[in-house]
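Start from the sequences and build out the full structure, keeping to the hints where you can.
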Amino acid sequence: MKKLFGKHGITFAVVLLVAGAAVAALSFRGEPKRRLHKGVSQKTSVVKPAELASWIIEGRRDFAIIDLRDPDDFKKGHVREAVNCGHCHDSATEGRKASQENLFVDLSKKLVLYTETGEETVELPRALTKNPRLYTLQGGYAGWEKEVLAPVSFGGETDQEQVYAKQRQEAVRAFFAGERAQQKAVLPIAPIKRQNANQPAGAREGC
Amino acid sequence: MEPLAPISKIAEWGPNGLIVAAGLLGVGFGFVLERAGFGNAKTLAGQWYGYNFAVLRVMFTAIVVAMVGLFGLHYLGVVDLSLVYVNETFIWPQLVGGLIFGMGFAIGQYCPGTAVVACATGKIDAMVFMGGFFLGLILFFFSYDGLEKFYLSGDMGRVLVPDWLGIPAGVVVFLVVAIALGAFALTHVLDRRFAAKQLHRSPRAESRGEVAS
Amino acid sequence: MAEPIPAPVEAAPPVEIAPEPVPIPSGVEGTPLVPSEVEGTPLVPSEVEGPAPSPGAEVRPEAQPYWNSYKAGIALGLVLLAAFVFTGRGLGASGAVTRMAAYSIQKVEASLHGGTAAEGDTIAKKNTYTGQYLKGPADPLDDFLVYMFVGVVVGGFISGVLARRASFEVSHGPHSNVSRRLMFAALGGVVSAYGARLARGCTSGQALTGGATLALGSWVFMLAVFAGGYAIAYFVRKEWI
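In order, the protein sequence lines correspond to chains A, B and C.
Numbering of the first sequence is given in the numbering used here, commencing with residue 425 and proceeding in unit increments.
Numbering of the second sequence is given in the numbering used here, commencing with residue -12 and proceeding in unit increments.
Numbering of the third sequence is given in the numbering used here, commencing with residue 211 and proceeding in unit increments.
Simulated from the structure, these hints should not be mistaken for laboratory data.
Misleading hints may appear alongside valid ones.
What the hints assert, rightly or not - Pair ranges (Cβ atoms, derived):
hint, chain 1, residue 1, chain 2, residue 2, range
1, A, R557, B, S69, 25 to 33 Å
2, A, V442, B, R180, 25 to 33 Å
3, A, A574, B, A165, 51 to 59 Å
4, A, R592, B, R145, 46 to 54 Å
For every residue, glycine included, the Cβ atom is placed at its ideal position computed from N, Cα and C.
Right, here's the structure in full:
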């Protein structure tokens, strides 16, 4: 072989084969994961589910919510008034398509983005990353479900503050579920002990 | 690691950047083509008659190098392949057009890129080839209406060979590398066979692209 | 390595780049029968044919050899890769020529009709194919491929001049002559153009670029080109061997 191809020929062939094998190996790792665009992760603030809930309840109009999950997940349940972006972050072409279809609501508003758990990295279409006021929902939709939509269990509160907190939580949950807030038992009121409750009125008092 | 490339689409150069890039890339392209001997019809003809496999070697080496580089960078996350322009597949016109083009190539011993380079270095037959090419284009324009249906047939969109075969792209890359190396080996074996025929050739044979480099 | 071949030629001209006798290219080491890498074309304008002149007959600066094919291939591959990385596109040649053809028909027609007022109504604009280049407000020549084309001309020229391969000549086989060669070149051009437009590209745009991106149609095109070429080559072999 060496006679036929020469030293350089063998090197050339080996280098190419190794490179090709490396690419093949890399391809088994799967398609490269996309990350949140660099600029965005530096600019995003985080908003907690409870805070987002209060924005919605207050009826603020200065923000828009974008759901970055699969359309099927979106149908099963989403944050109220969220817009599903579907495949808009799969590739740049999809992103451009989405903005052409005016999928994104008014982009001058604050944008709250969320994924399933808040931990995924997605690449955002350029139209979204240009927005300077990006928020990510902490905990993603899972966090939303846990904190806002989950049924509130009363009992075990040790003071009035906790009771009020839970009542607020229940009210929020009911709002999003479209129900009436259930009145739950509050702390058992300790009977007020009167000093002289069982004594005849005039016993101690002189006249 | 987020993709850095294609730079013009990610960093947003603007039109002037692309013009400069196109020009510079063209200079590199033309320079290398000429260096490879492709500005010379005899080099190109050697492919068909077995005395100079430069065309096959240069073309496949270039394809393999660029392919390994491109897909390697893609899997490393540096290049976003979805942003790279991939020729759309119109299978019937490309098949028939390829056959016709191949015939024209064997008759004229040039293809547009190499003809341009050859013109730049003064080869008159290349200029005549380009003249013919111009004429052929005009003929095509005016016969297009009849061809339109065929021209648009077999539209498969942007499809890559690995998608069509159902194999991961990296494996296809490796297979292509292996096939190319096999083809190169074959050309060397054929070189030896033809070498005997060339013993009687003139000393200046190599200088005219008549034998392999 | 008994190599009688280069000796007489190099001895003659004293002031030139005399490549060493027999730099055996990497691909063919150890096979004494395979010729060396020394290549180049004489600078004197002439028909290139027939055996070399006898030693000492003329003083010509020797042109530099062509690059080794694999080296050239690697270089070309890197240029192509750079194109993908920097612009997200590959290389191409016939697209530029098509635009230039469409543009020139338009211009010729417009001038025949006399004046720019008639430019709106030319056959070129109405033609379905060229119309796509000419209808819009954009200049058909203001296109990536056209700028690349200019670059190719410049690059080829520079390389040719630097390697002293630039000369006016017609290359053809030993059993052919200039006029036949030119006839075939013209015919080949016409046929190639048809095939190139059907396939939407030529070897640079479809085979090289499309091949590197593993586009299905491009690979089909490439294989078809080789098939078509080999099919016809037999019939025109007298032109070259």
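Results for each hint:
Evaluation of the 25 to 33 Å hint for R557 (chain A) and S69 (chain B) yields a pass: the beta carbon distance comes to about 28 Å. Between V442 (chain A) and R180 (chain B) the Cβ separation comes to about 30 Å, which falls inside the hinted range of 25 to 33 Å. Separation of A574 (chain A) from A165 (chain B) is about 57 Å and conforms to the stated range, judged on CB atoms against 51 to 59 Å. Take R592 (chain A) and R145 (chain B): their Cβ atoms lie about 53 Å apart, and the range 46 to 54 Å holds.
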